[in-house]
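**Q** Letter by letter, the chains look like this.
There are 2 protein chains.
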Amino acid sequence: MKKIHYTDVAPKAFKSPAQGVSGRVVIGKADGAENYCMRVIELAPGGLVPPHTHPWEHEQFYHSGTGQVLSGEDWIDVGPGDVAFIPADARHGIRNTGTEPMVIVCSVPPFAPEL
Amino acid sequence: MKKIHYTDVAPKAFKSPAQGVSGRVVIGKADGAENYCMRVIELAPGGLVPPHTHPWEHEQFYHSGTGQVLSGEDWIDVGPGDVAFIPADARHGIRNTGTEPMVIVCSVPPFAPEL
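Chains A and B, in that order, are what the protein sequence lines are. One gets my numbering by counting positions in the first sequence from 1 and adding 137 to each. One gets my numbering by counting positions in the second sequence from 1 and adding 137 to each.
It should be emphasised that the hints constitute simulated quantities derived from the structure, not laboratory data. All figures in this text were calculated on a predicted structure; none of them were measured in a lab. Heads up, a few of these hints could be off.
Pairs involving identical chains hold if they fit within one copy or between any two copies, as the list cannot separate such chains.
[Claimed, not checked] Think about it this way: if two alpha-carbon atoms lie no more than 25 Å apart in a straight line, the pair counts; the simulated SDA-like pairs of lysine to any residue are:
id : residue 1 : residue 2
1  : K139      : P247
2  : K152      : E251
3  : K140      : P250
4  : K140      : P247
5  : K139      : T203
6  : K166      : T236
7  : K166      : P154
8  : K152      : G230
9  : K166      : A147
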């Protein structure tokens, strides 16, 4: 069994046009996890994952902080305990509208890049 | 996109020998999620998922509350922000040793029962 705190993994900053966003692979293929990859995404206050699409889904759990997730053209409020399923090819984005970091569990299937 | 709070799903109590444990499927096959299933497991203070094994892995993220996860013969402390990967066939269990509910994101692959 592997047990870590997500902050034990060094964060990797997302490149522009993302703003104030970092990601960590906390469970992945290197651990023998062949069916899906768990990442933790962090957005600083004011941080933005701009609208984008890709041919794989996300399963998201919002751990802390507050902000909004983009669904089509609508920005929807999200906070601790919220869950989002973003199907493959669905346009999506995230923005931190609060004053604390947003910490999001955001998993991807094995055919997607881990980060 | 589906967006819910995990408490929007009715909890299903786990049968004995589990004690004080409930589960919710928050993203599953009914949503079109074919690659993995996200559940939220909740343990009341004193709650116990007894040691067991099964031929599928768990990817866990500890959202709130404090307790311990069993790894082999060792109970390891866990709390908010901790991550555990429990490989297929690894003996595991969970117990809530704190005073607040433990809320755990606990995903399974598509060939496992969703709950």
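**Q** Each hint should be assessed against the structure and marked as holding or not.
**A** Going down the list of hints, with the structure as the test:
no. : hint        : in the structure
1   : K139 x P247 : both (19 Å within a copy, 21 Å between copies)
2   : K152 x E251 : within (15 Å within a copy, 36 Å between copies)
3   : K140 x P250 : both (23 Å within a copy, 24 Å between copies)
4   : K140 x P247 : both (21 Å within a copy, 23 Å between copies)
5   : K139 x T203 : between (29 Å within a copy, 18 Å between copies)
6   : K166 x T236 : neither (34 Å within a copy, 35 Å between copies)
7   : K166 x P154 : neither (27 Å within a copy, 33 Å between copies)
8   : K152 x G230 : within (15 Å within a copy, 39 Å between copies)
9   : K166 x A147 : within (17 Å within a copy, 33 Å between copies)
Comparing the model with each numbered hint stated earlier shows that hints 6, 7 do not hold.
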